[in-house]
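Okay, here's what each chain looks like letter by letter:
Number of protein chains: 2
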Amino acid sequence: MAHFGRAVEYGLHVLVTLASARKDGEFSAKDLAEFHGVPPEYLAKTLAALCKSGIVEAVEGFRGGYRLHRAPGDISFLDVVDAIEGPNKRFFECKEVRQRCVINQGSESSLAASGVCAIHAVMIGAEKRMREFLASKTIDEVANSLERKRPHELKVAADEWLNSRSSSKRLRTK
Amino acid sequence: MAHFGRAVEYGLHVLVTLASARKDGEFSAKDLAEFHGVPPEYLAKTLAALCKSGIVEAVEGFRGGYRLHRAPGDISFLDVVDAIEGPNKRFFECKEVRQRCVINQGSESSLAASGVCAIHAVMIGAEKRMREFLASKTIDEVANSLERKRPHELKVAADEWLNSRSSSKRLRTK
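Protein chains in written order, with my numbering: chain A, 510 to 683; chain B, 510 to 683.
Heads up, a few of these hints could be off.
For identical chains, the list gives no copy identity; a pair is met inside one copy or between any two copies.
Taking lysine-lysine and the DSSO-like style, the derived pairs with C-alpha atoms no more than 30 Å apart in a straight line are [stated by the list, open to error]:
| # | residue 1 | residue 2 |
| --- | --- | --- |
| 1 | Lys637 | Lys539 |
| 2 | Lys637 | Lys604 |
| 3 | Lys646 | Lys598 |
| 4 | Lys664 | Lys598 |
| 5 | Lys646 | Lys539 |
| 6 | Lys646 | Lys664 |
| 7 | Lys604 | Lys658 |
| 8 | Lys604 | Lys539 |
| 9 | Lys604 | Lys664 |
| 10 | Lys646 | Lys561 |
| 11 | Lys658 | Lys646 |
Hints listed in this document are in silico derivations from the structure and should not be mistaken for laboratory results.
None of the values given here were measured: they were computed from a predicted structure.
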């Protein structure tokens, strides 16, 4: 099983879509799920987590839906991962094996109490490198890269689809 | 659940112990498990994986047991992780969400076929940073750090315990 679950992947795709759409309207979890072809109930939970962390905001009512709450350049991959997985999820959990070592049992000068285990320290360093990289990458960068690469007809198709579902469109067609 | 399982932690501790012991003898999985206070059947599997990857070697027979097969300076944390978790375990598994996007369905110029997904590419970059860091840290470094920090009486106690169980000692007391 991967360390980061499907919700992280879904959340990132939705945020890139919201950043690319750049419309005034909001989009329902159901429409965003349909657009991406992902399970709506799963995406609803993901959006709730992103909302709780202030990355997206939910507008209630008939015109309701989700929209970005921060500029896409201010949303890092790390923000998204921490919002969805929780900020304390670590890829290595030190079980303090050294405390169980026969020579540390009952010793007053036990190594067990002396700071971070050297093995754990290496893992913390590795995770720090990963997190620094994720913190340096924003939703804006990926949305711009998609914008440059996406064939024109697909861009038009995406805009049309999203416009047809945005809350402002729904309001206009009332 | 952490990305790297307990076996990685157990394996790293055992390798540091084997590097610190620096004796001619070999140690049985049972003795290494007892020394570290970890489940013997679990450690046996971990040692088998380390053996398969050429990090430790098993000497069979009455004098049998495990010893390092490579110099501790030539065993990186990444070697150990890959030996135990498998070299293809990734912390993010791209499910190609873009292929399911409504606008990519049936499109000849589908984005789905155009290289690595930009979101996946960021995750690959983050994992690369983590793996580079793990590749830069060796068992020798941690063993040396332990050597410097460990109180003298604990070092003596560890050496005595390990000597009493090493294969050469067992041979001498036959």
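Hint by hint, here is what the structure shows:
In this assembly of identical chains, the alpha carbons of Lys637 and Lys539 never lie at most 30 Å apart, being 36 Å within a copy and 35 Å across copies at closest. In the homo-oligomer, the alpha carbons of Lys637 and Lys604 lie at most 30 Å apart both inside one protomer (19 Å) and across protomers (25 Å), since each shortest distance falls under that limit. In this assembly of identical chains, the alpha carbons of Lys646 and Lys598 lie at most 30 Å apart whether taken from the same copy (19 Å) or from different copies (23 Å). Taking the shortest Cα distances, Lys664 and Lys598 never come within 30 Å of each other, neither inside one copy (36 Å) nor across copies (34 Å).
For a Cα distance limit of 30 Å, the shortest separation of Lys646 from Lys539 inside one copy, 28 Å, qualifies, whereas the shortest one across copies, 47 Å, does not. Taking the closest pair of Cα atoms, Lys646 and Lys664 come within 30 Å of each other only inside a single copy of the chain (23 Å); across copies the shortest separation is 46 Å, beyond that limit. Taking CA atoms no more than 30 Å apart as the test, Lys604 paired with Lys658 passes between copies only; the shortest distance there is 20 Å, against 46 Å inside one copy. Taking the shortest Cα distances, Lys604 and Lys539 sit within 30 Å of each other only across copies (20 Å), while inside one copy they are farther apart (42 Å).
Taking the shortest alpha-carbon separations for Lys604 and Lys664, only the inter-copy value of 22 Å comes in at or below 30 Å, while the best intra-copy value is 50 Å. In the homo-oligomer, the alpha carbons of Lys646 and Lys561 lie at most 30 Å apart inside one protomer (21 Å), although the nearest pairing across protomers, at 38 Å, exceeds that limit. Taking identical chains as interchangeable, the C-alpha atoms of Lys658 and Lys646 lie at most 30 Å apart only when both belong to the same chain, with a minimum of 18 Å there against 38 Å between chains.
The structure fails to meet hints 1 and 4 from the earlier list, while all remaining hints are met.
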